[in-house]
Amino acid sequence: GDSVTQMEGPVTLSEEAFLTINCTYTATGYPSLFWYVQYPGEGLQLLLKATKADDKGSNKGFEATYRKETTSFHLEKGSVQVSDSAVYFCALIMWGAGSYQLTFGKGTKLSVIP
Amino acid sequence: IAGITQAPTSQILAAGRRMTLRCTQDMRHNAMYWYRQDLGLGLRLIHYSNTAGTTGKGEVPDGYSVSRANTDDFPLTLASAVPSQTSVYFCASSVTPSANTEAFFGQGTRLTVV
Chain A
6 GDSVTQMEGP VTLSEEAFLT INCTYTATGY PSLFWYVQYP GEGLQLLLKA TKADDKGSNK
66 GFEATYRKET TSFHLEKGSV QVSDSAVYFC ALIMWGAGSY QLTFGKGTKL SVIP
Chain B
49 IAGITQAPTS QILAAGRRMT LRCTQDMRHN AMYWYRQDLG LGLRLIHYSN TAGTTGKGEV
109 PDGYSVSRAN TDDFPLTLAS AVPSQTSVYF CASSVTPSAN TEAFFGQGTR LTVV
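From first to last, the protein sequence lines are chains A and B.
Count along the first sequence from 1, then add 5; that gives the number in the numbering used here.
Count along the second sequence from 1, then add 48; that gives the number in the numbering used here.
Just chain A, same shape as in the assembly:
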């Protein structure tokens, strides 16, 4: 079935470092792809999304490009800040059991130190 695999954490970076969190997917067809972020003690919120191949989603300095040829949607940011410390989830929407369902990777915890 459809699934999402993302790099395991935790990831610890110094402030202003470059961030990459890898995400690959397995799906029949061409799903929409998402990155959600969960700040400490909060629910998830959408960070960015891409709905078709070669689309680039961007928000708050984060970017991810939908690569059909490598079935990937890697998250990048050029210069992280302490406030970016959170858990990041890659996700796709798949059709299953009679409905569209949002399927998540296991999450990658990012800690940014001053």
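Each statement offered as a hint is correct.
Which bits of chain A does chain B cover? Going by a derived footprint, with three or more residues having C-beta under 8 Å, they are:
(1) 42–49
(2) 108–115
Part of the chain A face toward chain B, derived, beta carbon under 10 Å:
(3) Val9
(4) Glu13
(5) Phe39
(6) Lys54
(7) Ile98
(8) Met99
(9) Trp100
Derived from the structure by calculation, the hints contain no laboratory data.
Cβ coordinates follow ideal geometry from the N, Cα and C atoms, glycine included.
Using the hints, position chain B against chain A.
Positioned in the frame of chain A, the structure of chain B alone reads:
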């Protein structure tokens, strides 16, 4: 502020007891979801509802039931709690159950079954 409200925020529950987690949204979204979040496993879908009056099973439905009597409310019931149901539970909603719709999440309910 519009959004999703979950209650309680946290709960310690004796095994074998019945418990209902409440979820209310004021965005008039058609679709609602319940996820559980466990360390190392990410978020897994328990049950969903595409519209008021209908519900469906997700990836891990055993031991849980839901109802959707109206658009705003989507309670999750544990009929007889077991320790393996210790988790953080998130309610979510989306405008429609479609292939590229953003999901909005509540703040979560931390449940401990002892």
